[in-house]
Structures are given as C-alpha cells and as structure tokens.
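There are 2 protein chains.
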Amino acid sequence: MTRKSKAMYLTSYPAGLPSGDNFAVREVEVPAPGAGELLLRTVWMSVDPYMRGRMRPDVKSYIPPFSLEEPLDGGAVSQVIESNAEGFEPGDYVVGFSGGWKEYHTSPAEGMTKVDPSIAPLSAYLGVLGMPGMTAWSGLTQIINPKEGETLFVSGAAGAVGSLVCQLGKARGMRVIGSAGSDEKCAWLESEGGCDVAINYKNYPSSGELTKALAEAAPKGVDGYFENVGGDHLEAALNVIAFGGRMALCGMIALYNNTELAPGPGNLVNMIGRGVMAQGFIVSNYMHLTPQFIAEVGPLVASGQVKFRETTYDGLDKAGDAFVGLFHGENFGKAVIRVGPDAL
Amino acid sequence: MTRKSKAMYLTSYPAGLPSGDNFAVREVEVPAPGAGELLLRTVWMSVDPYMRGRMRPDVKSYIPPFSLEEPLDGGAVSQVIESNAEGFEPGDYVVGFSGGWKEYHTSPAEGMTKVDPSIAPLSAYLGVLGMPGMTAWSGLTQIINPKEGETLFVSGAAGAVGSLVCQLGKARGMRVIGSAGSDEKCAWLESEGGCDVAINYKNYPSSGELTKALAEAAPKGVDGYFENVGGDHLEAALNVIAFGGRMALCGMIALYNNTELAPGPGNLVNMIGRGVMAQGFIVSNYMHLTPQFIAEVGPLVASGQVKFRETTYDGLDKAGDAFVGLFHGENFGKAVIRVGPDAL
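Each protein sequence line maps, in turn, to chains A and B. Take the position in the first sequence, starting the count at 1, then add 74; the result is the number in our numbering. Take the position in the second sequence, starting the count at 1, then add 74; the result is the number in our numbering.
Pulled out of the complex, with its shape left as it was, chain A reads as follows (with noise of 0.2 angstroms):
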C-alpha cells in the first residue's frame, strides 16, 4: 500500500542566509517497504548547521548537495509501523542520520538504530546522545585528547555540541571557557554548563576585543580549543593558544552563509612556534567508536549528570523556521522538531 507524507522541500538554494522563503512542505507518496525496510512514523526531527553546506549546488563536499527535486534530508527519531527486517518490531523506536523530513518515510533497516525511551527522552537520540553528542565526544577525546589541569575553550558552547565538549572536558579535570550569544546561554553554561568562564562574545566584536576576554579568562592559554564558530573566534584562539595546543575543527558556523569567502585568521603562523595541531572532522570519521561515545556519556545522561537544552519547534511546517533559527543564534542548545504525537 502508498501511503502519503507530507515532506520538506528546499525550493531554491539560499544566497547567503537562508530564510523561510527557500522552504516548502508538499504531499509525496512514501512506498510500501520491501524486504529488509521499514515503514517509519517521524516522531522527532533534526536540524544541523552541517545541512547549510547541502545548500551550495556548486561545492564538492563529502557528501552531495540536496537536490530541489526530492524532498531534504536529515536525522530523526521514528516508530516502527510496519517491519520487514529481522530485529525491529512495530512500535520500536529507531534513530537514523538519513530519511526525516518527513511525517512518513520508508528505509532500509540497515543504517537505523534502536533506541531506548526509558534511558533519555527521545529527542536527546537527535541531539546529546546522537550524532552531535558523539561529534562532542569524538573531537574531545580524539583530537584535543585533555590532560587534567589544562585549559579548554569551545565556541559555540552553548550548541548541541559544544555543550556537551564543555562538561565532558570538565568532568575531565580542565578548566573550561565558552562563548555564546547571550547573556542568559552564558548564565546556564557557568551555572549547569560545566563552563568556569562563559564569555557573550557579543560584547567583543572584534577578534582584539575578544582575545582580551580569552586571555583573561585563560591566563596560562588555551591547550585545547574546539572550533564550532570560525572568524573571530578562531583568530582569538590563535593569539592565546598554548604551546603544543591541539584544536578539533568541528565546524565554523560564521562563514556558512557567506557568499564570498570571507578573509581567514592572520595570525595561523603561530601554530608554528607554539607547535600547535589542527584537525578537522567530520563524525563519521570516528563512527566506529559509537559504543564508547555511548558507554561513556549514556550513563551520565541517564544519571542527569550531564545536562543539555534543547529548543523546540512544532510540526514539520516549522522545519524552515528552526533551520534559519540556527544561523540567528535563536535555538539554545539543540534545536528539534516535534512531528509525532508522541514526541514528548
């Protein structure tokens, strides 16, 4: 049987910020499922900074760009309604990084996980214990690798990620710093956030301004700096970096919606004398040590010992709005999508 799904469309490639003009839901047919699929119910959807990229026609990147004829696609949290793979029942709940946008989708059981509601509400699948959880996790202890006692800075701290990489960095023994946008991120990263310093970095709107701030903050410099934001931030981090420093590129959120590419950091030469390493990543790089993002962060998820936000939008007519939200600054911590009734 065809059922049919409402689903979201981007209907022109943004210039520069996207807004929800570029957006549209439309009616698809959504297929019966074939052996080894699934026919899945949205309950939860995602949005990521990472799609921005999927919105430039003419950039090669590891992953193709979204196309104006098929509906987009991203990460969401499902309900089994009819199985044809072994392991999955109906009423089993999945996450998978691929099929949402959505009310209705079908797919291969092969890429979608089981989840488990009586662990963590099942948004925290999209969000501290799904892929920007693991991207936290993966950044901090695969590239800037702590030590106790070093300091820490992460941009964008108060994201779905860089929350994360600060409390994980402070359960680690490191004095951390984070920078948001506003003063009430702030206030929760030093109260709940495991940040020792918060810094609003719209107080500073220069990378000078801002490299004052840091170096106050830091006073022996930065050993570690997770990278979520790009431009300014990037250059302050360079001037207070430590020797022997060790920065994990997630993202730099700043230039995404640039239409030319903006100038880069004029002071990289200091990774020179200060001996400093840069790695970028993408998750998928480290999917292979999920069981140990899940072992380690889980636990304290499920204890409340690790804490996260998430901004909330409802129904998969707000898909856009929350998209374009990510790029104002508007979601604290992770912002998701409500699609099913269920989704609590």
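Since the hints were derived computationally from the structure, they do not count as laboratory data. Be careful, since some hints might not be right.
Just so you know, same-sequence chains aren't split out, so a pair can sit in one copy or run between any two.
Said to hold, decoys possible - Within a straight-line C-alpha distance of at most 27 angstroms, the following computed DSS-like cross-link-like pairs (lysine-lysine) qualify: (1) Lys276 x Lys221; (2) Lys286 x Lys381; (3) Lys381 x Lys134; (4) Lys134 x Lys188; (5) Lys221 x Lys80; (6) Lys188 x Lys381; (7) Lys134 x Lys286; (8) Lys134 x Lys221; (9) Lys294 x Lys276; (10) Lys134 x Lys80; (11) Lys392 x Lys221; (12) Lys188 x Lys286; (13) Lys188 x Lys80; (14) Lys78 x Lys134; (15) Lys294 x Lys134; (16) Lys392 x Lys244.
Once you have looked at the hints, place chain B on chain A.
Leaving out everything else, chain B in the frame of chain A:
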C-alpha cells in the same frame, strides 16, 4: 688570554623587509675557555629565515628576541682552537645552533657536535645534514607520514628545507610537486631535486591562479603539504587538499616581514569536510630523533643520491646581505657564509 674577534650586530629592528642598514660589524672580546668550554674559530656561518622572528622585540615566541647590545647568534660550523672539554681536540670540527656570527667564540662543549668532513663538505652540516635537513625529515616523516602513491606539495621547494623534503618524498614513492620563484630553480627541481612538476609561482600571482596550476599538477589532490611560504600558497594548497590530507607547517616566509597581520586563507573550512590535519612545528620538537635522521640521510648525502644546492657569501661582513637575500628569493638552496679560510 682574551682574544679580539669581529662580530655581526643587529643595529636596529627592521620594520618590514630587513636591509643591510640593520647590520654592522663590531669588534668584541672573546674570553678564554673555562672548564668544559671550547675556543672556536668559525668556518661556515648559517643564515636562516627563522632568525627574522627574533628581530621583533615585541613578539613572544619560543625563543627570545635578539638584543641590539650583543652580537647576533646563529648556527655555525667551527674548528676547535683550544679545548677544556673531554672528547674535543684542537683541529676538530664541530657544529652548533648557537655562537656563530663571530669569527671566534667561546662556547660550552655541550651543544656542540663533532662533524666528519669526510662524509660531506663542512657547510652541509648547516644545511642538508644540519638543522634545515632535520626540519625537512621531521616534518615529512613525523607529520605528513607519506604513503606510496600519494601526492606531496612542497612550497619553497628550492630552499634548504624544501629541496630535501622533495627528494625524501620522491624516494618514498610520492608524486612530488614543488613551487619556487624562478625558472632556473624549477628546472633544477625537475632534473635533480625530486619533483615531478615544479611550478614557478611568479607566473601565478593569485591564489586562484596558483590553485589552477596545482590542480593540474595534482589531479588526485594533495595528500601532504609541506608549508614554507604561507599566503597564496596555503590557500591554494587548501583548495586542492585531499580527504585525509596532512599539512606540516614549517614556515610562512611570505609573512615574516609584514608590519601588520595580513588576512589568512579564506578556505580553512575545507579542513573540516576533508578531515585535514595541520601540525605546526619547529625542529627542536623532534630533536630526540636526530640519530634516526642522520642514519637515513647521512648515507644518501655521502653517496650523492641526495642533491643539495648552496648559495655562498664571502666573509662575515656579508652576513647581512645573505640574510636579506632570503626574503628576495636570491638564494638557491642553503645560504651559507664562508668565514674561515678552510671553508671549502
């Protein structure tokens, strides 16, 4: 007995490009060697780009700035005149990173290494078998970590460091692309210097043009980039860097004489999607591997398999000119200054 010696001084800190006016020869007293010390007569003296960094009195680096009140300091090959240290006899030749830029100097024997003129000409211990050679070997083997069939790009390929990187990369089965600033240098790189393709960067005066030339020479992208130059070279390398690429950041000579920070590459974000690693380094980070370097490169130099070029200047008085020449692309291979009559 105290001895008189000519010594080269920095008379003023250069603003921008250094010139001969920044240097002057003065007479100094050379104390008699105490216990554990040597009286040394300089034979060959070294000029190296890193010294420019020590001519900025206001910049904190891994090594303090030069004083205007004391002779300049740099590497040299010297002959022992008097020895108060076990294991050193008058007539021995030694190399050290410090103490040069005088005709005679007294130095602790610690830090001086005896060298064998029968393996290679004495000046080679300042170049291919000395600090630049060790720099080349360390960056290539410890950071880029070559694999057969990969592509290597080396900027400043005709320099003391770059020319060895190219040859060692070629010997490890890499496709090697080098850049240099004259057709003569490029011809040598392709005939003797280990390059499959040498690019005269002066024909490509923008990062866009350099990118095109590089993409043509490296159709599968660049797996390893050895950075000596910075500026357009780094931006071009980041445009063609391959997935999993490694960049050894050794120097950025294009920037050393800037009086203000020049903007950096606008495409650092490529490091993220392509999983690229960049490691800044100075040779002293790898000093413990010197025996491994000598064991590999010594025989290659002795047998003539590794080729090297030198640009020689005559007399201590010419040290300023030699140094200034580094920033005008005037030197081909290692720049050395003949100080002693036995500098053959």
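Hint check:
| no. | hint | result |
| --- | --- | --- |
| 1 | Lys276 x Lys221 | neither (30 angstroms within a copy, 45 angstroms between copies) |
| 2 | Lys286 x Lys381 | neither (29 angstroms within a copy, 48 angstroms between copies) |
| 3 | Lys381 x Lys134 | neither (36 angstroms within a copy, 39 angstroms between copies) |
| 4 | Lys134 x Lys188 | neither (32 angstroms within a copy, 53 angstroms between copies) |
| 5 | Lys221 x Lys80 | neither (49 angstroms within a copy, 49 angstroms between copies) |
| 6 | Lys188 x Lys381 | within (23 angstroms within a copy, 61 angstroms between copies) |
| 7 | Lys134 x Lys286 | between (37 angstroms within a copy, 16 angstroms between copies) |
| 8 | Lys134 x Lys221 | between (37 angstroms within a copy, 25 angstroms between copies) |
| 9 | Lys294 x Lys276 | within (24 angstroms within a copy, 42 angstroms between copies) |
| 10 | Lys134 x Lys80 | neither (30 angstroms within a copy, 60 angstroms between copies) |
| 11 | Lys392 x Lys221 | neither (42 angstroms within a copy, 49 angstroms between copies) |
| 12 | Lys188 x Lys286 | neither (47 angstroms within a copy, 47 angstroms between copies) |
| 13 | Lys188 x Lys80 | within (24 angstroms within a copy, 79 angstroms between copies) |
| 14 | Lys78 x Lys134 | neither (33 angstroms within a copy, 65 angstroms between copies) |
| 15 | Lys294 x Lys134 | between (40 angstroms within a copy, 14 angstroms between copies) |
| 16 | Lys392 x Lys244 | neither (35 angstroms within a copy, 56 angstroms between copies) |
Against the hints set out earlier in the document, violations occur for numbers 1, 2, 3, 4, 5, 10, 11, 12, 14 and 16.
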